[in-house]
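There are 2 protein chains.
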Amino acid sequence: MTDPTRDLLPEGLEDRLPKGAAAAARIERAALETMDGWGYDCVRPPLIEFEKSMAERMDGIATRRMFRFVDPRSLRTLALRSDITVQVGRIAATGLADQPRPLRLCYAGQVARIAGEQLDPRREHLQLGAELIGSDTAAAAAEIVELAIATLEAMGARGISVDFTLPDLVDTLATEEFPLEPAQVPAVRRELDAKDAGALKDAGGEAYLPLLYAAGPFEQAVEKLSAIDARGVLASRIDGLRQIARQVGGRARLTLDPSERHGFQYQSWFGFTIYAEGVRGALGRGGTYRIGGSDEPATGFSLFPEELVEAAAANEPPRDALFLPLGHDRDAAARLRAEGWRTVAALGEADDAAALGCSHTLQGGKPARL
Amino acid sequence: MTDPTRDLLPEGLEDRLPKGAAAAARIERAALETMDGWGYDCVRPPLIEFEKSMAERMDGIATRRMFRFVDPRSLRTLALRSDITVQVGRIAATGLADQPRPLRLCYAGQVARIAGEQLDPRREHLQLGAELIGSDTAAAAAEIVELAIATLEAMGARGISVDFTLPDLVDTLATEEFPLEPAQVPAVRRELDAKDAGALKDAGGEAYLPLLYAAGPFEQAVEKLSAIDARGVLASRIDGLRQIARQVGGRARLTLDPSERHGFQYQSWFGFTIYAEGVRGALGRGGTYRIGGSDEPATGFSLFPEELVEAAAANEPPRDALFLPLGHDRDAAARLRAEGWRTVAALGEADDAAALGCSHTLQGGKPARL
Numbered sequence: 001m002t003d004p005t006r007d008l009l010p011e012g013l014e015d016r017l018p019k020g021a022a023a024a025a026r027i028e029r030a031a032l033e034t035m036d037g038w039g040y041d042c043v044r045p046p047l048i049e050f051e052k053s054m055a056e057r058m059d060g061i062a063t064r065r066m067f068r069f070v071d072p073r074s075l076r077t078l079a080l081r082s083d084i085t086v087q088v089g090r091i092a093a094t095g096l097a098d099q100p101r102p103l104r105l106c107y108a109g110q111v112a113r114i115a116g117e118q119l120d121p122r123r124e125h126l127q128l129g130a131e132l133i134g135s136d137t138a139a140a141a142a143e144i145v146e147l148a149i150a151t152l153e154a155m156g157a158r159g160i161s162v163d164f165t166l167p168d169l170v171d172t173l174a175t176e177e178f179p180l181e182p183a184q185v186p187a188v189r190r191e192l193d194a195k196d197a198g199a200l201k202d203a204g205g206e207a208y209l210p211l212l213y214a215a216g217p218f219e220q221a222v223e224k225l226s227a228i229d230a231r232g233v234l235a236s237r238i239d240g241l242r243q244i245a246r247q248v249g250g251r252a253r254l255t256l257d258p259s260e261r262h263g264f265q266y267q268s269w270f271g272f273t274i275y276a277e278g279v280r281g282a283l284g285r286g287g288t289y290r291i292g293g294s295d296e297p298a299t300g301f302s303l304f305p306e307e308l309v310e311a312a313a314a315n316e317p318p319r320d321a322l323f324l325p326l327g328h329d330r331d332a333a334a335r336l337r338a339e340g341w342r343t344v345a346a347l348g349e350a351d352d353a354a355a356l357g358c359s360h361t362l363q364g365g366k367p368a369r370l
Numbered sequence: 001m002t003d004p005t006r007d008l009l010p011e012g013l014e015d016r017l018p019k020g021a022a023a024a025a026r027i028e029r030a031a032l033e034t035m036d037g038w039g040y041d042c043v044r045p046p047l048i049e050f051e052k053s054m055a056e057r058m059d060g061i062a063t064r065r066m067f068r069f070v071d072p073r074s075l076r077t078l079a080l081r082s083d084i085t086v087q088v089g090r091i092a093a094t095g096l097a098d099q100p101r102p103l104r105l106c107y108a109g110q111v112a113r114i115a116g117e118q119l120d121p122r123r124e125h126l127q128l129g130a131e132l133i134g135s136d137t138a139a140a141a142a143e144i145v146e147l148a149i150a151t152l153e154a155m156g157a158r159g160i161s162v163d164f165t166l167p168d169l170v171d172t173l174a175t176e177e178f179p180l181e182p183a184q185v186p187a188v189r190r191e192l193d194a195k196d197a198g199a200l201k202d203a204g205g206e207a208y209l210p211l212l213y214a215a216g217p218f219e220q221a222v223e224k225l226s227a228i229d230a231r232g233v234l235a236s237r238i239d240g241l242r243q244i245a246r247q248v249g250g251r252a253r254l255t256l257d258p259s260e261r262h263g264f265q266y267q268s269w270f271g272f273t274i275y276a277e278g279v280r281g282a283l284g285r286g287g288t289y290r291i292g293g294s295d296e297p298a299t300g301f302s303l304f305p306e307e308l309v310e311a312a313a314a315n316e317p318p319r320d321a322l323f324l325p326l327g328h329d330r331d332a333a334a335r336l337r338a339e340g341w342r343t344v345a346a347l348g349e350a351d352d353a354a355a356l357g358c359s360h361t362l363q364g365g366k367p368a369r370l
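Residue numbers (this note's numbering), protein chains in the order written: chain A, 1 to 370; chain B, 1 to 370.
None of these hints come from the bench; they were simulated from the model.
Ideal Cβ placement from N, Cα and C applies to all residues, glycine included.
Pairwise CB distance ranges, derived in the manner of DEER restraints:
{"id": "1", "chain 1": "A", "residue 1": "D120", "chain 2": "B", "residue 2": "D331", "range": "34 to 44 Å"}
{"id": "2", "chain 1": "A", "residue 1": "S359", "chain 2": "B", "residue 2": "G159", "range": "35 to 45 Å"}
{"id": "3", "chain 1": "A", "residue 1": "R76", "chain 2": "B", "residue 2": "A230", "range": "52 to 62 Å"}
{"id": "4", "chain 1": "A", "residue 1": "E181", "chain 2": "B", "residue 2": "G364", "range": "55 to 65 Å"}
{"id": "5", "chain 1": "A", "residue 1": "R65", "chain 2": "B", "residue 2": "A282", "range": "32 to 42 Å"}
{"id": "6", "chain 1": "B", "residue 1": "D331", "chain 2": "A", "residue 2": "S236", "range": "27 to 37 Å"}
{"id": "7", "chain 1": "A", "residue 1": "L370", "chain 2": "B", "residue 2": "P179", "range": "51 to 61 Å"}
{"id": "8", "chain 1": "A", "residue 1": "E339", "chain 2": "B", "residue 2": "R319", "range": "22 to 32 Å"}
Turn these sequences into a full structure, and let the hints steer you where they fit.
Quick look at the structure:
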């Protein structure tokens, strides 16, 4: 008996039909060409790895989000990748361990997660990104932010804004400037992230209150942060942020939210989120980190351009196509294809140029508009 | 404790490092551009589907080769795709059911299988292909064979040969020309495929013996096949083969092995295998078939170009790269990138142009060879 749900896809999984697939291919290609132009070599890790190997490199945080299954060959648990960054880190630590640093790598590929998110029910995404391995300085961070902007622009994003953060801010301040008991740190981090002044006080983080107001357009916010940092504990971080902002210059609107931590569990001193006009959520994130396992410093970004793909698919322009009637001149057709024409050959008498979406037909060895 | 196998990949799964990834990207792009030029629209189905939905469209034959796992959302079994053809068939029958026929679709993507094969232990492959949906005539088959050849040529294959077969040959002959009991058919098919004359006789297929000798270079073999077919049961098939051979003309070496059935369990009257010089096994297969579920006629091919990718990766030429010293002219760098230069920016004093693989360095706003 035929399964009545045979034609359905599981929740959160979709086909890209011709317009969507063309938009995705164009966007992916533009992104890879940009990253390649900045000296980033593309790598392609496999779809599947040992779950334990991926989990260990992810610090275990996100492993419950992966599809997992037993490998009948090794009898070990495999996982479908939910993030390509960790795979690139593994490649840097293994196959490319002997390459000189800084090592520049980029990637594009599909990732899957067992559950979507409230704002985005998709369970499969196109992930694109670049990793600069061997460096987590301000210069590395500036290159990565600039490249993320250039990549998004090549993908068609406009009105880009970048929100900087300092992921290890609380840890840094807690040791000296605004001392906290180790047990208090997670709660202070959480309430700062939630921007809940009352709860922050209750958690013993009263000294951290001014940080809630050191957020906004970059120049003003970094001044406020500097004023809070009376003893210069954050001086190197603030200098780094300023260096990045100078280099990124007028290419994007810059903001600072130093205590934002959501999505930056892996990052060290610097993190950023990137947005574009007309796109609901963040298009990507990046920052400095240490590669799980090898502990090598690195800086990178990941982009999740589904909304850009959807917008581009909706605006995909109609394309010319040349109908080749039955018995057409095959050499002429080959020549026209070599010149860039897209051809659609008749297979039988019933094939109709217009119905098949053609704009031209081959007449006397030349394209004639229908 | 660190897992000592953390750095290993499961058997049969591999990273594509920069040279392999560049070769794969170039080959994939060349293939997609060729298929697009022939009027085939690219689609991108998801990595995962309901196992039952894929299995039903595959006639259940290859489903035991898929990685399967339970979806915590639907509590149904999902499978990682092992073949994109069935997904394209589903798209034609659902999302693109209303599009005019013939419908031309193409695809490129990764597929995974739980076990490799003796000659090829890989468990993840790049699969590329085209499907012409709504037709399984000789004209459709000729277009598909021509396109498969053109696609492989664009991917860098040389010395292409195509081996034709008639997948439903035994079924066709058994009804009338060389009658068999239904129970005998599978054994006769098997022994013909195995080319075992003794076993073929034992299976009651003595009348089929001459078919074993109607194999070889196309023109001679099709003559022999025609001679065997005294009553013209195969006439339309033989005419079809000749039409395809005429159209494919001098573009590939053609052979015929009418009783070859291995790998053609889905195909109807026509099948083909495609090879290239210097490549060990078949690069792909194709033929006419009916889409599982909708029963619409279709013709298509799938290519598995791993060996072409490996060969191209080994011959990947070195690329020019322009080193950008510390404090370089950023506008000049952007201009040179726009002209096609690949740049590698220094991040610190220690960064060395030659060590980072650069061929040129930026001097006075211009590239100077190192």
